[in-house]
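Between the sequences and the hints, there should be enough to build the whole structure, so can you do that?
There are 4 protein chains.
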Amino acid sequence: MKRRKAAILGATGLVGQRLVSMLADHPFLEISQLIGDESAGKSYGDSVDWKLPSPIPNGLASLEVVRLQHSNLDADLVFSALPAHVAVLAEVKLAKNGFAVVSDASAHRMDVNVPLVVPEVNPDHVRIIEAQKKAENYEGFIAANPNCSTSILSLALKPLEDAFGLSSVSVVTMQGLSGAGLPGVPSITVQDNVIPFIFKEEEKIESESRKILGREKDGRIVSARLEVSASCNRVPVSHGHLESVTLETKKPVDPENALQVLDEFKGLPQDLRLPTAPERPVITRRERDRPQPALDREAGSVPGMSIVVGRLRRGPSDHHLKFSVLGHNLIRGAAGQTILTAELLCSQGYVGA
Amino acid sequence: MKRRKAAILGATGLVGQRLVSMLADHPFLEISQLIGDESAGKSYGDSVDWKLPSPIPNGLASLEVVRLQHSNLDADLVFSALPAHVAVLAEVKLAKNGFAVVSDASAHRMDVNVPLVVPEVNPDHVRIIEAQKKAENYEGFIAANPNCSTSILSLALKPLEDAFGLSSVSVVTMQGLSGAGLPGVPSITVQDNVIPFIFKEEEKIESESRKILGREKDGRIVSARLEVSASCNRVPVSHGHLESVTLETKKPVDPENALQVLDEFKGLPQDLRLPTAPERPVITRRERDRPQPALDREAGSVPGMSIVVGRLRRGPSDHHLKFSVLGHNLIRGAAGQTILTAELLCSQGYVGA
Amino acid sequence: MKRRKAAILGATGLVGQRLVSMLADHPFLEISQLIGDESAGKSYGDSVDWKLPSPIPNGLASLEVVRLQHSNLDADLVFSALPAHVAVLAEVKLAKNGFAVVSDASAHRMDVNVPLVVPEVNPDHVRIIEAQKKAENYEGFIAANPNCSTSILSLALKPLEDAFGLSSVSVVTMQGLSGAGLPGVPSITVQDNVIPFIFKEEEKIESESRKILGREKDGRIVSARLEVSASCNRVPVSHGHLESVTLETKKPVDPENALQVLDEFKGLPQDLRLPTAPERPVITRRERDRPQPALDREAGSVPGMSIVVGRLRRGPSDHHLKFSVLGHNLIRGAAGQTILTAELLCSQGYVGA
Amino acid sequence: MKRRKAAILGATGLVGQRLVSMLADHPFLEISQLIGDESAGKSYGDSVDWKLPSPIPNGLASLEVVRLQHSNLDADLVFSALPAHVAVLAEVKLAKNGFAVVSDASAHRMDVNVPLVVPEVNPDHVRIIEAQKKAENYEGFIAANPNCSTSILSLALKPLEDAFGLSSVSVVTMQGLSGAGLPGVPSITVQDNVIPFIFKEEEKIESESRKILGREKDGRIVSARLEVSASCNRVPVSHGHLESVTLETKKPVDPENALQVLDEFKGLPQDLRLPTAPERPVITRRERDRPQPALDREAGSVPGMSIVVGRLRRGPSDHHLKFSVLGHNLIRGAAGQTILTAELLCSQGYVGA
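Residue numbers (my numbering), protein chains in the order written: chain L, 2 to 354; chain W, 2 to 354; chain R, 2 to 354; chain S, 2 to 354.
Please keep in mind that the hints were generated in silico from the structure rather than gathered at the bench.
Be aware that a few hints might be false.
Identical copies carry no separate label here, and so any pair may be met within one copy or between two of them.
[Stated by the list, open to error] Computed cross-link-like contacts, DSS-like style, restricted to lysine-lysine with a CA-CA straight-line distance of at most 27 Å:
1. Lys52 - Lys201
2. Lys267 - Lys134
3. Lys201 - Lys43
4. Lys3 - Lys201
5. Lys267 - Lys201
6. Lys52 - Lys134
Listed below in structure tokens is the structure:
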């Protein structure tokens, strides 16, 4: 694959740090610029409160962070890990100026002509980019990465939707601390505690998962008709979002059958052998007490890119299924999947073609 | 009220320690014996790995722990905090020998002629004690305290069942570490982790809550027809079980209405002014991020005896209600409620009358 | 004692909240004003992220927070829980304008004519207030409360200094999260972690403890000649600072003897029966694994006002002593001791006399 | 290097699991047997409560655990991760029967003719094996791995001893939970807590570090004359022991100088390029808040085999040095270093030559 230059907006946050870390040795994406208004003029090493065990990758610590200039970036592709209120305008300007924006911000996720991509689930949604460019008069475009909990959930729902049809989804999340970014939750607030609330998270899960499972019509995404009900909790765990799910299915469902369907699930990224695609997007565990954040958050051939499903069992009827699903919020839920989407877009000719 | 002598079986465990602590200054229950085969002959202070911040109450540290003799206790009342497999036979023998056994063990909870008591919810169930004595040929009797998560849940369900009728309950628990007793979960297992499994807990919640909400018929309890579906998780929190609940109601339900119903709920223990009865069994919070274990587990006029309900909101339809409920697993969920049941039984003439 | 009006500066922080909570039922100090520029005009309840399990005390939630006016306070006494950089000037202006300022801020702790008070240790230091007023041309005065770790440490050192003489002190702290205030340490930073650094804490312990153990000379405090060496760590514990101490003594020291000296220690606040004075400022434990933050941080007749010393044992020679000491950083280390100092000042005629 | 067969005693514990994991792809050590009396007859997968994120390595899950037969092992080398009281006799019998025993148990660490090896620090101590064989009439021999905290500490002390001479060492440890093995500390005991006591740990650190820094004389190890004083704490951290150290040196010491000495330190394992030897046994950090368990416990070219030293600074005089040191207790502190010692012994012709 042809090499592309990638700029990162918001490179000092937790998602930005993961983008930097995962792109450092990428076979065809190359970090060309780290962009941040507050840190502009300083080196990346001096700007970032680096939170990964591995050091800042080769050379990047001394790279100077530059101010955002919407028309004058040295990049084929822009990764945005900006806060939503900043992203709203910045991403539009970049798209107008011809840049391919792949965004982890929530700003444009629910725009009807912005694809909200989980590459194994709805790779066909990227087709609406053409309509987006026309409708918005963009030279470039915006593609969005879903909310972390939603990305993880959708990947478990898709194979089951295909096999059994879903009529309702009820999910209770137990989300790790890194999902709140930096500075995130004060430690005294969550020490020896669980917080049964995450700002706007339930709304995001409910609306975004319907969009991801929706279909394209006339250049727009029509959300799936599916009842989704979410309750979100913050738990004192560093990384990993654990979700307790109850589904109602249209066809009767047998747990063994469901496990097999999940085990066998593959998507376009696996077919295309994209570099950040894990061999198995969904790993199932049959032990009685898995998945667990501490043991399973880095599962898979690309660590953190597989979700892990366990405790799959019958619910109240043969049209109900219960299970727990876990994913790494910063990898499958954010940086890793955003990169996978960029890889998909490159492979489909949307970037720098 | 006439003073009664109370013996405690299993006084060294976490529930036992709470029984000792709460009974130390009780107005009419007096600890007469601490019973334990393994510790027999040693002082209580030398036997127990005392985990409460307050010291072992006056005089009890030097009390000698005695061996269980089923016929020869110096007690009007026996509190059992034994492990289930030991409780099965021990409690039967004690009941045969004329003792009033109020048990926190799971051994006899689902026996059809044993009342499973949440004193504010089903105080009338104690009437089956007469039938139990006849059927089992007991001089004494057994009354059981429900599982901790179930006790907390039932107290939230009862007022809503009365007001709106319940057709299904879905609950996901996040349970504190002390619920597993001593030694309980190894610290390395749960550090920076959540365990999505607690042995037999889901089955207990599902069956016990139906029994508690059931009704007496011919000296037996007939469980309520109610679909209950539970998923249980262990979280790294010392004390407090937080439960995320979705209900389906028979009548349409409005959140404001539901909050009012919960706020106004009182039961027989409040009418009787039993010493361990909190003024308000259910406390509601309207902040967006409550209840929280660290802040709310000792809520109420009798610390830890009130449950706290918050985040009450509409679910997917006007027949659905969602909320979070928290209770102290060792107090409302175990020792405190067991004592409250004993107080109820004393007031109703079942003990030492 | 005559009632005094007390204003609180910085009432929304963690120390401020404890001041509010502890002063709510005080026998002779009465909260007259809550002062904060950022929250001015809002009610206290709307301004504060209240972190105590007990609710905001009676009436104070609706009290309006007012802007600081240095000359026009309705108060006999001002408690300052301001950040140091704000306190520098604000406290001086208040002192100039006639107010008695008892401050938990670090701003003026090391000023030679400001007493740095641990009421059981150096109550005589308050005598320099007269000299301070003259030297600084103050109508009122400033008295300072030491750093949290230092307050706890000094209380353990004083009886041993008196009995055996100290030549050097080496202390390694393990400090709870609430010591960093709000927002304090981000949770992701300290989850499953220990941070071996606290900004300026070691310098504070080293200089302040020498001042506290110093003596008055010509209206100034001359620090004690004592080698103090500190190493500070932040641990994932909500409240409580645990300190591992090694002392070198001038006289030979025997552990049993040292324990007795600590056990018997009392100070002027105990003699005066000040309301916030614990019966025993130092509690000793002889178990092999105490003190522990979770079990001992609220020890004593005034919860959190006693320190707990344990594991007292010989060091490398008979002139060395090793022990662990624990105190509640927000109570003995901050709000509680500040109130105790205010009580001392009232009783000695320095406030509103 | 010639391939050797290695048997593992105590393979189901936390250290045993690390041995299994690290030996799975070893270039010349090959796991031949997993030995355990309790699990004998079951597969390793069914016996172990596997706690590593990575799965049980290829094939080993189905390997049958066998009973210990002291004379009839299929092994050139035996790794012992037994509890001390079992190891005492078992290791002697194995040595008598001709096996090379490399033990992580404490049983024989302080025997004068057993080398207590930190391979970078005292590789010459293995020479006493010849004397041991004669004195004890062993066909094989016993070599011991030090206590985890001691291994980490010694590696920091050695370069400083060589450069400046040490007269005293004072260390306060903050040790991770996995150091206590399985089941280890109950979670309720250590939740929101620090335990200022670890059974016999202080004695081990004090005696073992002197032995490691000692010298061989007549086939025995004579401990160094060095005052070592330790205070040990258990903190709620999964893995990693953090130690706060104060040294007194014989020559004056300058922090920059000391850092350089640590940076440049290499030992025989590095010269021999042993497979488990990290490129740099000691990594220094100059940030003000490192080392931290969460970020630094897997530092180095062989993850977990390097220790990390930071916050190095002057102590009370120019003959004092203070720093924090961190190491992975299960890798450098146990399994990894035990393997490195085995590699050293193989390279020196002590095993299967």
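Consistency of the hints with the structure:
1. Lys52 - Lys201: both (26 Å within a copy, 23 Å between copies)
2. Lys267 - Lys134: Classified as neither: same-chain Cα gap 30 Å, cross-chain 60 Å, threshold 27 Å.
3. Lys201 - Lys43: Between copies only: 26 Å across chains, 34 Å inside a chain, cut-off 27 Å.
4. Lys3 - Lys201: For Lys3 and Lys201, neither the intra-copy (39 Å) nor the inter-copy (52 Å) Cα distance is at most 27 Å.
5. Lys267 - Lys201: neither (31 Å within a copy, 34 Å between copies)
6. Lys52 - Lys134: neither (37 Å within a copy, 49 Å between copies)
Consistency with the previously given hints fails for numbers 2, 4, 5, 6, ordered from lowest to highest.
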